[in-house]
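S.K.: Residue numbering for the sequence shown follows my numbering, beginning at 1 and increasing consecutively.
Hints may be right or wrong, so weigh each one.
Below, computed lysine to aspartate or glutamate pairings styled on EDC-like, alpha-carbon distance capped at 16 Å [unchecked claim]:
(1) K232 x E252
(2) K301 x E14
(3) K267 x E217
(4) K107 x E235
(5) K46 x E235
(6) K224 x E252
(7) K84 x D50
(8) K232 x D258
(9) K206 x D273
(10) K230 x D245
(11) K41 x E236
(12) K301 x D67
(13) K301 x D55
(14) K107 x D55
(15) K274 x E202
(16) K160 x D176
(17) K164 x E177
(18) K269 x D176
(19) K109 x D231
(20) K224 x D258
(21) K26 x D245
Okay, the calculated beta carbon distance ranges per label pair [to be verified]:
(22) V13 x S239: 36 to 46 Å
(23) L169 x G111: 53 to 63 Å
(24) L169 x S110: 16 to 26 Å
(25) L169 x N6: 51 to 61 Å
(26) N6 x Y246: 40 to 50 Å
Everything labelled a hint here was simulated from the structure, so no lab data went into it. In this text the structure is predicted, and so the values were computed from the model without any measurement. Cβ coordinates follow ideal geometry from the N, Cα and C atoms, glycine included.
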Amino acid sequence: MSLQKNPRDVVIVEGVRTPFAKAGTKLKSIHPAELGKLALKELIAKSNLDVNSVDEVIIGNTGNPVDAVNIARVVALGAGVPQKVSAYTVHRNCASAMESLSNGFEKIKSGTMDVVLAGGTENMSQMPTLLPSRIQALFDKLFLAKGPKQALPLLWQLFKADMKQIRALLQGNFRDEYFPVISVMQGLTDPFVGINMGQTAEILAKEWGLSRQTQDEFALRSHKLASAAKDKLKEEMTSIYLSPDYKEVISEDIGPRDTQTMEALAKLKPFFDKQTGTITAGNSCPITDGAAMMLLMSREKAE
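Generate the whole structure from the sequences, applying the supplied hints.
M.R.: In structure tokens:
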């Protein structure tokens with residue numbers, strides 16, 4: 001294999017990310033476009049990049065917020081990338097950011113571009129809770145109602161549907177037709193076989209003979225390594241100042257615990273298979289909010 005350098009080699013010039021936070025915690029109120037913007041602005045500043053030299057911005061995103069459908073464009077403009085620079089969003093589930101890097105690599109390697117900003121942004125905390133189809137149908141009719149005579153009966157039906165929804169929530173009956181649709185759970189569920197990522201992990205653990213203890217030991221090792229590297233990891237992060245007063249600063253990941261123990265992990269109950277499962281909240285990856293961006297260049301451009 002030749003190690004000779006080529007002008008069209010793709011090189012990583014710089015990378016920046018926000019702290020990653022477990023969903024529902026410190027970053028829950030920050031729009032994914034804002035998370036992406038914060039990471040991209042810091043990347044541009046850190047690399048002293050002339051934004052007029054950027055050929056394209058490619059960003060991976062899974063949640064696809066309705067107010068920023070092409071979130072890459074929103075992030076790019078917010079970070080100061082000129083309007084003339086094209087930007088597009090890619091989606092490959094958990095590998096969406098990797099897909100953006102793959103796209104950037106191909107465009108630079110082919111000679112069509114020299115400078116690409118690529119990465120990913122996600123706020124799993126903001127994945128919406130959706131109305132069930134029966135209640136949606138009532139709202140559709142209500143919007144088309146002409147006057148109180150048509151609207152009042154629909155409002156009464158909507159009230160009764162709301163009562164049924166409250167009952168389903170109190171009973172915890174996920175299969176009830178009035179139960180709200182939790183989009184993050186639906187999004188993590190395969191539409192063909194009807195099982196989610198955690199249930200898939202249970203199947204794989206059984207197929208490969210991975211015991212609960214083995215998984216807990218691996219999880220503990222992950223916590224310890226991440227905690228030990230905390231200062232090193234800060235070098236690749238940009239701090240986030242939380243609104244409204246911007247006095248609280250998030251400058252490290254929220255999730256890794258340096259106090260985690262095997263005893264604490266062993267106390268957790270299986271989450272996906274209550275009877276014979278081995279996957280718990282402690283030995284599985286948390287749903288997370290954050291963003292990461294990279295500057296890719298051709299070797300000749302970087303040099």
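S.K.: All hints are to be evaluated individually against the structure, with a verdict given for each.
M.R.: Here is how each hint holds up against the structure:
1. K232 x E252: holds, 11 Å
2. K301 x E14: holds, 14 Å
3. K267 x E217: holds, 14 Å
4. K107 x E235: violated, 29 Å
5. K46 x E235: holds, 11 Å
6. K224 x E252: Holds - the C-alpha atoms of E252 and K224 are around 15 Å apart, at most 16 Å.
7. K84 x D50: holds, 14 Å
8. K232 x D258: holds, 15 Å
9. K206 x D273: At roughly 12 Å apart (the allowed maximum being 16 Å), D273 and K206 satisfy the hint.
10. K230 x D245: At roughly 26 Å apart (the allowed maximum being 16 Å), D245 and K230 break the hint.
11. K41 x E236: Holds - the C-alpha atoms of E236 and K41 are around 13 Å apart, at most 16 Å.
12. K301 x D67: violated, 35 Å
13. K301 x D55: This hinted pair holds, its Cα atoms lying about 12 Å apart.
14. K107 x D55: holds, 10 Å
15. K274 x E202: holds, 11 Å
16. K160 x D176: Holds: K160 and D176 sit about 15 Å apart, inside 16 Å.
17. K164 x E177: Answer holds: K164 to E177 is near 9 Å, not above 16 Å.
18. K269 x D176: violated, 25 Å
19. K109 x D231: Violated: K109 and D231 sit about 34 Å apart, past 16 Å.
20. K224 x D258: holds, 6 Å
21. K26 x D245: At roughly 14 Å apart (the allowed maximum being 16 Å), D245 and K26 satisfy the hint.
22. V13 x S239: 36 to 46 Å: violated, 22 Å
23. L169 x G111: 53 to 63 Å: holds, 57 Å
24. L169 x S110: 16 to 26 Å: violated, 53 Å
25. L169 x N6: 51 to 61 Å: 60 Å Cβ-Cβ, so the 51 to 61 Å window holds.
26. N6 x Y246: 40 to 50 Å: holds, 46 Å
Figure legend: structure checked against the earlier numbered hints; hints not met, in rising order: 4, 10, 12, 18, 19, 22, 24.
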